[in-house]
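**Student:** Given chain Y's structure and the hints, the job is docking chains C, L and F onto it.
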Amino acid sequence: MTAALRFDPIRLPPECEQLRKEVRAFLAEEIAAGTFDPHKPQREDSDNPEFSKRVGERGWLGMTWPKKYGGHERSFLERYVVTEEMRVANAPVRRFFVADRQSGPVLLKYAPEHIKMDILPRICRGEVCFSIGMSEPNSGSDLFAAKTKATKTDGGWLINGSKIWTTSAHMADYMIAIFRTSPPTKENRRHGLTQFLVNMKKPGITVNPIAQITGQYEFNEVVFTDHFVPDDHMLGEIDSAWKQATSELAYERSGPERFLETYYVLTELVRAVGPKPDTRSAEGIGRLVAQLHTMRRMSVSVAGMLQAGKEPVVEASIVKDIGTIWEQQLPHRVRELAAFVDDTASNHATLDEMLGFAIKTAPKLTIQGGTTEVLRGIIARGLGLR
Amino acid sequence: MTAALRFDPIRLPPECEQLRKEVRAFLAEEIAAGTFDPHKPQREDSDNPEFSKRVGERGWLGMTWPKKYGGHERSFLERYVVTEEMRVANAPVRRFFVADRQSGPVLLKYAPEHIKMDILPRICRGEVCFSIGMSEPNSGSDLFAAKTKATKTDGGWLINGSKIWTTSAHMADYMIAIFRTSPPTKENRRHGLTQFLVNMKKPGITVNPIAQITGQYEFNEVVFTDHFVPDDHMLGEIDSAWKQATSELAYERSGPERFLETYYVLTELVRAVGPKPDTRSAEGIGRLVAQLHTMRRMSVSVAGMLQAGKEPVVEASIVKDIGTIWEQQLPHRVRELAAFVDDTASNHATLDEMLGFAIKTAPKLTIQGGTTEVLRGIIARGLGLR
Amino acid sequence: MTDADNIVAETAERIFADLADGQTINHDKQGNWKAPLWQALTDAGLPLSWVPEECDGSGTSMAEGFSVLSVAGRAGVAVPLAETMLAGWLLAQAQIKSPEGMMTVAPASPRDRLTLNTHGTISGRARGVPFAKDARHIAVVTSGIGGASIALVETSACRIDNGLSLADDPSDTVSFDNVKPVAIKSAPSGFDQNSLLLMGALVRSQQIAGALETMLGIGVNYSGERVAFEKKISKFQAVQHNLAKLAGETSAALAAASSAADAFSSGAPLDDALFLEAAAAKIRCSEAAEKGAAIAHQVLGAIGFTQEHILHRYTLRALAWRDDFGSESYWAVELGKLVAARGADELWPLVASR
Amino acid sequence: MTDADNIVAETAERIFADLADGQTINHDKQGNWKAPLWQALTDAGLPLSWVPEECDGSGTSMAEGFSVLSVAGRAGVAVPLAETMLAGWLLAQAQIKSPEGMMTVAPASPRDRLTLNTHGTISGRARGVPFAKDARHIAVVTSGIGGASIALVETSACRIDNGLSLADDPSDTVSFDNVKPVAIKSAPSGFDQNSLLLMGALVRSQQIAGALETMLGIGVNYSGERVAFEKKISKFQAVQHNLAKLAGETSAALAAASSAADAFSSGAPLDDALFLEAAAAKIRCSEAAEKGAAIAHQVLGAIGFTQEHILHRYTLRALAWRDDFGSESYWAVELGKLVAARGADELWPLVASR
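Read top to bottom, the protein sequences are chains Y, C, L and F.
Per this note's numbering, the very first residue in the first sequence carries number 1; after that it's consecutive.
Per this note's numbering, the very first residue in the second sequence carries number 1001; after that it's consecutive.
Per this note's numbering, the very first residue in the third sequence carries number 2001; after that it's consecutive.
Per this note's numbering, the very first residue in the fourth sequence carries number 3001; after that it's consecutive.
Calculated from the structure, these hints are not laboratory results.
It is possible that part of the hints are untrue.
To be verified - No farther apart than 30 Å at their CA atoms in a straight line, the calculated lysine-lysine pairs in the DSSO-like style are these:
#, chain 1, residue 1, chain 2, residue 2
1, F, Lys3097, Y, Lys186
2, C, Lys1149, F, Lys3232
3, Y, Lys40, L, Lys2337
4, F, Lys3180, C, Lys1186
As the list claims (entries may be wrong) - If the Cβ cut is set under 7 Å, some of the chain F residues that face chain L in the computed set are:
#, residue
5, Gln3237
6, Ala3238
7, His3241
Quantities reported herein were computed from a predicted structural model and do not represent experimental measurements.
Just so you know, even glycine gets a beta-carbon here, dropped at the ideal spot from N, CA and C.
Bound-form chain Y, shown alone (with noise of 0.2 Å):
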């Protein structure tokens, strides 16, 4: 009678909490030097290569990847660790985060050995950027309807068509993209499109930022014309992009990122209720923890389960679906209980600020890498209904 949905519960193990200190400090230090300001989440997506490279030099990059290639073979939850620190403190994760999340274990998995040999011990060093190369202008959630073409040519491929919605690319290194390589055929619309490796410094492509509503260019548009690139820069199969949705996805789907996006605010909230709030903020502030508390529970599940060797796909997808709508609900919820806020408190200022960023950021918490209605369709299928 019941749908098998698993939350086992994962306790982080006792390395983590040393770990966990040792980020701590280094994230002082860092803010203490001026290289970020924990209250103005608004800069998180400046670039800053230096930054990268300490996190890189503290073994913090390609946590769980194999020692040959400058990995350090950690578990899934130590990376957890420093994942949600980071995320918490307002770090400027930028440049080495899609990389080290997504492009890593992209690689890991199906570029040739020289290739990985190469561009996986810089990811861990925090020397390169990566970039994704998903959406199109007519395609969003509907990835297989990707229209940008690989054409083959002497030794490679030459790509034309353009890419959209590419976080990051302005400054990448890299990117991992799919192109359309052959039709989709009548018993598989999916078929078509493989996956590639592209050398975002060679010729042939043009970055032009996309400005948000918030003010920042995190968005780009990415046009490729006649842009080549070599045989070994294509990963895994020919035509089969769409069957290397892998567990990585689990892991990308439910990581602390997931729900941590505008945490900012519920910290400055309780600073500026101090410590003796009236019911109705206790009540509010009692609620939001207790749900923050459980998605993070939920979230340490999902990443246990994954170091077990589990592929909880359905749990991941409801980790990020109830935990984008929390994130982008939260400022709202904290706009109203800050309402009555003595205005003397001492981060008045600093709580208004970060609430009108939040409330122009929580938009696309719902939207980017897979919309609510996609997730639930994930989930949908994984209860059986589709």
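**Tutor:** Chains C, L and F alone, transformed into the frame defined by chain Y:
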């Protein structure tokens, strides 16, 4: 660019205020006489034939109908006032409500003159109770899947099959029902159903009450076995029940009963928190009252537009969609707001009891008379999406 | 009064269509569209809609003025039309003549209070004053021992600390340090800062409802053009339900705002029932703004998150307007207190009073 | 610890499947199923799971006990298994032996308090005590000048005013008027009424999560069978989204409840982090109960609103359980106060402490 939604700011005309006073005085007398207890909404389903007749005597049934049928040729807005005052007082309207709201108007439009002359005046006198036979065990939201058959016979039709969820069938004198007279066609799956007037006191009908989770018995299964319906009891055109969805439906969807079903818990909450509520209770009550006021303005607006001869079908569906979701959530919001109510509040026990009943009632509110899903489909069609 | 019967609203609509087309002004980063638009609005007498002719205004009816605001909300433009109208209305309460040019009002928040000093100057601080930076004059309500006064002040006499609303419109802190007003009169009996806030709340409700109408239009149009998974996204039930909910929020905002505007236009006294109308409008329109903007962005996806697309002109303004002249939380507490003080058995009579 | 590894949970599951099948007991209006079920549960030692062998119990681990509660929640049956387990656990805190038969605990609400009188009797009133009517004994925590005590009381020594929960389960007011306990001991240091409430909250969280699992199962199955508009309703995107949301709420409840149960089972001291686990579980599970029950009913439509269908056995119980041992509002206020008192910069360390 903008979709054309209209909610004209209709005001109730002065004659309504006099009427309202009369209705309130009448209800106060009935309460004083012990006819019903306004604090016992759970008894609202009890049958009360004498009350029904007294309402008829006052001229508050068939208010908008022609005088020749016993009606009073008053406005929709006057009827609105009577309906809302009865609802708010938790008066036992069950016996006459369906006849007055839905069945009478259908008869007015489709019944032959001699039937109108026979039945309508009796509705106006509060003497007859109607039920509506739409849903069947395998057709709920999808009315046009109905299978209960009307087979032509000498001078009339023989009915075989069953209807379900028919409110008040156990006490009804008549039912207006749709039966299958022809199979659906390929072009039009809604074809083949015909509307009939059924005399519930004639042979061939078994009514089986269905217990609800509230402990009440509003619903029934009605089984027809060779039940005979005379030819002149056919309402409207044969096979064309689907065309007969008219603007009455708009009125049915947007009345005050679509958001006031659980209103009593709000009144008791206000009583329980007393004259000097804390910020939490004040904000909660203020929002709920603002939402209630807004829905009433929407609902009055639709009634006024109907009175003016317009057909605000989408607007009416919106009132029901928003209204039923609101009245469904209201008991839960009130339960929260009452969480810290001083248990010496005089009405503590009453509030608790009412909340229990309202919470149990809540699930049906977005199901009966067209589910949320059906309503949103209608709204989407009105927006041009389908 | 509906827009169709209303020649003033039609005029406004034509001016906005001609001079403030959403696409055009969204691309004009210099704001070159603002001056011609303001000139045309002024030529049509719209900024002083609510100023009687004897106070040098257009003497338009309250109702017509509200429908201009609804049009302005639909257009989502960054000029202080609503603020100047409100200022003119405020000055007219004390028969003070309105000057030419852009105006705004203060205080704009229930947290602030301006004081009339014994020697006739004004002191205090008003935060979140919309368009103070652009206004030549500020119409203010002061509190003092002798009751409330209404005054006209030159912006240049005040200190302005520039701020920005969520929609990047000016939302400034105005400091009054013994400022000598251009004109000052006692407010009429019963009129005080709260009266201004209530009227401001109502003005913002109209604008929010208008912005929601545009969001709905944008959402519906987009869903009929955008294709995903080989069909128009308007054919997905999830999108249909989202837009139906947006239509519901838009309807609630429209009904609440137009009912309150109608009640205020009727000249009824400011009793509990009229307070309910205005407070409920601000509360419900603000709630609709939050839900509606979220849905509109969800339907449009990434494109709606860009500066390039016009959607943000309406969503961010609707969200920003929630904060002006008392947030929905503020008015909800006030309304809740009023309801509680009247008592349980007086709630229904209040709701059913119209 | 997961159910699959857990022989105790398996035993419970088998007993419920054999003797408390939802359909069967839903049709048995006399409640004839209750006695055999209770006998079987007792024979398997489940009601005294949390009582060590030296106190005449089964000496099952905390973790196994929690998984029995999860199974009981999934079965949604009206026998005081959870209450007897909780009573046994409470008595064991003071090394009081558990008697045979059904038990319950008091107080069950943070509003009530029982006092230990100087001459060793107990006075006070406890409302909403689950199954008091059916219990032979009540395990109580008293407050007094000398600190908290734990006592065993015969139900017959108290006045019981019968009440019913939302699910029509007994929820009684128990009045203690100088009641002489069967046994009484001082509570261990640091243990008081709040400790009982917190454990009670955790027990209810487990049951709610279990009930949600069953609701989800019922909803998924029904949607795969019911046809409307010529297709299974599971093929409608609106139904899919509703069930996906129900799966989300179920997951949140499961994760919160099992995390808290695990934390309590580890024998960690009752510090802020453990308080967070239990309070968050009750808060989040109660929120999930409200949202989840509403969705399950929406998916099932009219049939789910009948006594005939089993759905209400799970939805109404999950909703009723919100009220026991402190509502979600109560725990939210307590948690909010704790978080505020620790201060903003101590929030993240609290959340990230495990």
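**Student:** All hints, please: hold or fail.
**Tutor:** Going through the hints against the structure:
no. : hint                  : result
1   : F/Lys3097 / Y/Lys186  : violated (72 Å)
2   : C/Lys1149 / F/Lys3232 : holds (24 Å)
3   : Y/Lys40 / L/Lys2337   : violated (38 Å)
4   : F/Lys3180 / C/Lys1186 : violated (79 Å)
5   : Gln3237               : holds (4 Å)
6   : Ala3238               : holds (5 Å)
7   : His3241               : holds (6 Å)
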